[in-house]
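There are 2 protein chains.
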Amino acid sequence: MKHILKQHLTVTFQYEVYFSENIFSIDNSLFRDALAPYLKPGLVRQLLFVIDEELSLAHPGLLKQIDVYFQGQVHLALVKEKIIIPGGEVAKNNPYYFNQIVEAIHRHKVDRHSFVVAIGGGSVLDVAGYAAAVSHRGIKHIRVPTTVLSQDDSGVGIKNGINFFGKKNFLGTFAPPIAVFNDYQLLETLSDRHWVAGIAEAIKVALIKDATFFEWLRDQVDGILKRNADTMKYLIWRSAQLHMDHIASGDPFELGSSRPLDFGHWSAHKIEQLSDFQILHGEAVAIGIALDTTYSFLQGYLNECDYKEILRVLQAYELPIFHQLLKDERVISDLLDGLEEFREHLGGKLTIMLLRAVGVGLEVHEMDHDRIREALARLKKLDEVQQQRKLVSLPD
Amino acid sequence: MKHILKQHLTVTFQYEVYFSENIFSIDNSLFRDALAPYLKPGLVRQLLFVIDEELSLAHPGLLKQIDVYFQGQVHLALVKEKIIIPGGEVAKNNPYYFNQIVEAIHRHKVDRHSFVVAIGGGSVLDVAGYAAAVSHRGIKHIRVPTTVLSQDDSGVGIKNGINFFGKKNFLGTFAPPIAVFNDYQLLETLSDRHWVAGIAEAIKVALIKDATFFEWLRDQVDGILKRNADTMKYLIWRSAQLHMDHIASGDPFELGSSRPLDFGHWSAHKIEQLSDFQILHGEAVAIGIALDTTYSFLQGYLNECDYKEILRVLQAYELPIFHQLLKDERVISDLLDGLEEFREHLGGKLTIMLLRAVGVGLEVHEMDHDRIREALARLKKLDEVQQQRKLVSLPD
Ligand SMILES: NC(=O)c1ccc[n+]([C@@H]2O[C@H](COP(=O)([O-])OP(=O)(O)OC[C@H]3O[C@@H](n4cnc5c(N)ncnc54)[C@H](O)[C@@H]3O)[C@@H](O)[C@H]2O)c1
Ligand SMILES: NC(=O)c1ccc[n+]([C@@H]2O[C@H](COP(=O)([O-])OP(=O)(O)OC[C@H]3O[C@@H](n4cnc5c(N)ncnc54)[C@H](O)[C@@H]3O)[C@@H](O)[C@H]2O)c1
Ligand SMILES: [Zn+2]
Ligand SMILES: [Zn+2]
Numbered sequence: 001m002k003h004i005l006k007q008h009l010t011v012t013f014q015y016e017v018y019f020s021e022n023i024f025s026i027d028n029s030l031f032r033d034a035l036a037p038y039l040k041p042g043l044v045r046q047l048l049f050v051i052d053e054e055l056s057l058a059h060p061g062l063l064k065q066i067d068v069y070f071q072g073q074v075h076l077a078l079v080k081e082k083i084i085i086p087g088g089e090v091a092k093n094n095p096y097y098f099n100q101i102v103e104a105i106h107r108h109k110v111d112r113h114s115f116v117v118a119i120g121g122g123s124v125l126d127v128a129g130y131a132a133a134v135s136h137r138g139i140k141h142i143r144v145p146t147t148v149l150s151q152d153d154s155g156v157g158i159k160n161g162i163n164f165f166g167k168k169n170f171l172g173t174f175a176p177p178i179a180v181f182n183d184y185q186l187l188e189t190l191s192d193r194h195w196v197a198g199i200a201e202a203i204k205v206a207l208i209k210d211a212t213f214f215e216w217l218r219d220q221v222d223g224i225l226k227r228n229a230d231t232m233k234y235l236i237w238r239s240a241q242l243h244m245d246h247i248a249s250g251d252p253f254e255l256g257s258s259r260p261l262d263f264g265h266w267s268a269h270k271i272e273q274l275s276d277f278q279i280l281h282g283e284a285v286a287i288g289i290a291l292d293t294t295y296s297f298l299q300g301y302l303n304e305c306d307y308k309e310i311l312r313v314l315q316a317y318e319l320p321i322f323h324q325l326l327k328d329e330r331v332i333s334d335l336l337d338g339l340e341e342f343r344e345h346l347g348g349k350l351t352i353m354l355l356r357a358v359g360v361g362l363e364v365h366e367m368d369h370d371r372i373r374e375a376l377a378r379l380k381k382l383d384e385v386q387q388q389r390k391l392v393s394l395p396d
Numbered sequence: 001m002k003h004i005l006k007q008h009l010t011v012t013f014q015y016e017v018y019f020s021e022n023i024f025s026i027d028n029s030l031f032r033d034a035l036a037p038y039l040k041p042g043l044v045r046q047l048l049f050v051i052d053e054e055l056s057l058a059h060p061g062l063l064k065q066i067d068v069y070f071q072g073q074v075h076l077a078l079v080k081e082k083i084i085i086p087g088g089e090v091a092k093n094n095p096y097y098f099n100q101i102v103e104a105i106h107r108h109k110v111d112r113h114s115f116v117v118a119i120g121g122g123s124v125l126d127v128a129g130y131a132a133a134v135s136h137r138g139i140k141h142i143r144v145p146t147t148v149l150s151q152d153d154s155g156v157g158i159k160n161g162i163n164f165f166g167k168k169n170f171l172g173t174f175a176p177p178i179a180v181f182n183d184y185q186l187l188e189t190l191s192d193r194h195w196v197a198g199i200a201e202a203i204k205v206a207l208i209k210d211a212t213f214f215e216w217l218r219d220q221v222d223g224i225l226k227r228n229a230d231t232m233k234y235l236i237w238r239s240a241q242l243h244m245d246h247i248a249s250g251d252p253f254e255l256g257s258s259r260p261l262d263f264g265h266w267s268a269h270k271i272e273q274l275s276d277f278q279i280l281h282g283e284a285v286a287i288g289i290a291l292d293t294t295y296s297f298l299q300g301y302l303n304e305c306d307y308k309e310i311l312r313v314l315q316a317y318e319l320p321i322f323h324q325l326l327k328d329e330r331v332i333s334d335l336l337d338g339l340e341e342f343r344e345h346l347g348g349k350l351t352i353m354l355l356r357a358v359g360v361g362l363e364v365h366e367m368d369h370d371r372i373r374e375a376l377a378r379l380k381k382l383d384e385v386q387q388q389r390k391l392v393s394l395p396d
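Taken in order, these protein sequences are the chains called A and Z.
Here full-length UniProt numbering is used: the first residue of the first sequence is 1, the next is one more, and so on.
Here full-length UniProt numbering is used: the first residue of the second sequence is 1, the next is one more, and so on.
One thing to keep in mind: the hints can contain errors.
[As the list claims (entries may be wrong)] Among chain A residues calculated to face chain Z with C-beta under 7 Å, some are: (1) Gln7; (2) Tyr18; (3) Phe174; (4) Pro252; (5) Cys305.
The hints are simulated quantities; they were obtained by calculation from the structure and are not laboratory data.
We treat Cβ as the ideally placed atom computed from N, Cα and C, and that holds for glycine.
Full structure from sequences and hints, please.
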């Protein structure tokens, strides 16, 4: 009788990310086909839909289309009631929406072999994914991301969460979906602001993983801003792939101790918060990329040519590299406090991803506060120049 | 650009289950030593304790002992406030206690690199484990089970949960702890009723996995009922080991579709519920074992000798094999409905574990309602005989 028993568990998760269009059009069988392996003769699985309200308003035919799509299915039954929740951060801030989904799962007896399908931006996906993950210790979950950011980053990943006590993602889990459908057509109604914001995550992942993709991004500004479909499809596809590889090759559930932060994200999270979420996540990431790129240059890690090109690309995409909030000394010192909070969050040892070159990251464990201030001052200036140019060029 | 990206993730979890005594006695370094690999020079990790109220009343020195145990530790800091929550099902029924733990994690800034330590029966472990699992997407969690049932079964496993909408474990996750400490000394204050109830899980696992262990259990009734320490230590150790092996060899997160129910548990869950939790989980499991054993015999799967011996062993341990509730026709039909609910819960295909012999399980996908009634009638009779014997033997 040994006094220690050792437990060793290995858990494997698999899922597919599909790229398609009009996925609920009756003649696109992709979604139905993807569910087929989960169905069994003689049994009926339920589908509970959770849908982003603005998305559903922008696509008025969608709800009806979904009903028609599943009509006559023998092994699939739609839950009649669809849960419509407002998009954006409010979905994660107000626990009402989490409760609403859990309550619907209970009321309609949606079980572990049925499906919760979430359609919407990253916020709706995060709350629906969390509700599905903890109901019955995990109901099968399907994601249909409808923003650039959720299609090229968050929606193809494995995290979910809601805000609590004013803290971003205070409650949440790691819970891989069983399938993700990136439907390009749903993106078309997205505002320009959200269209552009999601590109920041593609630039981020290119900068630390794939110089070729960054060059491609540099060369495609026009097509993307003119909403060329094929260009955006490739951007999303490649960014999703790089994000997925990153998750699979690392420590997916972040069980280890020194998880390096996502590039540009230590300040991004804090900037979002300091602006009361007036600055979008993608926008804050753009500012964060600009800041850490400038810092990398000032520290001598990154050469001037790369540094300038990165800032030029951000600006070309009309992504912010600075925000007037950051002119306020109190905000700057809050931002620097954020660095300390991250140190705590990481268990005392800070790990920050910087750049050695385009496509090549560099981890550091310390950041110099004065250098950060210097970087902010540079970005402020660059931003002013850009604003003036815009003013000057307005007349023509 | 392929239209499908496949994601494949492998996640590994490891933890130790330690068997010891007086784990918070200053000269027992086991607990401190187990934490050592998680500590880093120059950093301080927090420990937030969540403690079963009745346990703490039964061991009045415990809280103080914990304070002393961690005094002078340089890399570990106790959160001053200890969360004391009532033991038993109320801890899981009232969301107040879940919120209380989450709120303390927030208020004391307990991060992913700190520890939530839960000490108590299965109920307190379940709610504390759930709160730790979803806070910051998973704080490191340590369990100190203090009932026979939680030391020999639930506490060494990976599930947690709370009740919601009156449904057992409606919310919960699979979240392996980082360590479990089975402290025999803490068990000594347990009531006889709870002492005996936890044995049902050992009998259950022996019956489907290990005939030798069942024979051992058959021969140790006296020692166990007289609370012989070495006998109970072996019972817990072997039962924990069999339960752990079962988890590791199967589908730990129950992602697959046809998870066979635990032996004796389809009716146990329903009986607990129908009695408004007046019947303890372990007691309900004993009745469930008796029922499925009798059913296995009546169906010709199990020979009469094994059948009789199993019932004799349950009765020798003073575990119930029947309950007066089950005399009521409405309760019986609720119980049979429970079978249908499980069919739904398993996604339409019922899988029930029965017995082919002691130590040899048998999975079936259908149960005959009349046979179940016949089994209940037999158990009712056997139980009456036993009650009469007790009455007769009372005077001496
Ligand atoms: N889980 C993760 O790993 C992860 C990673 C990064 C970000 N996030 C989270 O994602 C959230 C941001 O997600 P987001 O950028 O997708 O924004 P969002 O979900 O907040 O959506 C932005 C707005 O667009 C609307 N909308 C969505 N799709 C639309 C469409 N096709 N047409 C018109 N309007 C549409 C929404 O209703 C909302 O008002 C944040 O909460 C962030 O924390 C999560
Ligand atoms: N997570 C799982 O895998 C799993 C598996 C089986 C059961 N469970 C759950 O476990 C719960 C039952 O747990 P349990 O049987 O340990 O009972 P319990 O947690 O309900 O505790 C029983 C009673 O004993 C008290 N107590 C605990 N330790 C004591 C001690 N050492 N001395 C004196 N009193 C003590 C408690 O305060 C409580 O009043 C149920 O909710 C059940 O659903 C969970
Ligand atoms: Zn991001
Ligand atoms: Zn049990």
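Hints, one by one, checked against the model:
1. Gln7: OK, holds: Gln7 of chain A within 7 Å of chain Z, min 5 Å.
2. Tyr18: holds, 6 Å
3. Phe174: holds, 6 Å
4. Pro252: Result: holds, 5 Å to nearest chain Z Cβ.
5. Cys305: Cys305 of chain A check fails; min Cβ-Cβ to chain Z is 30 Å, beyond 7 Å.
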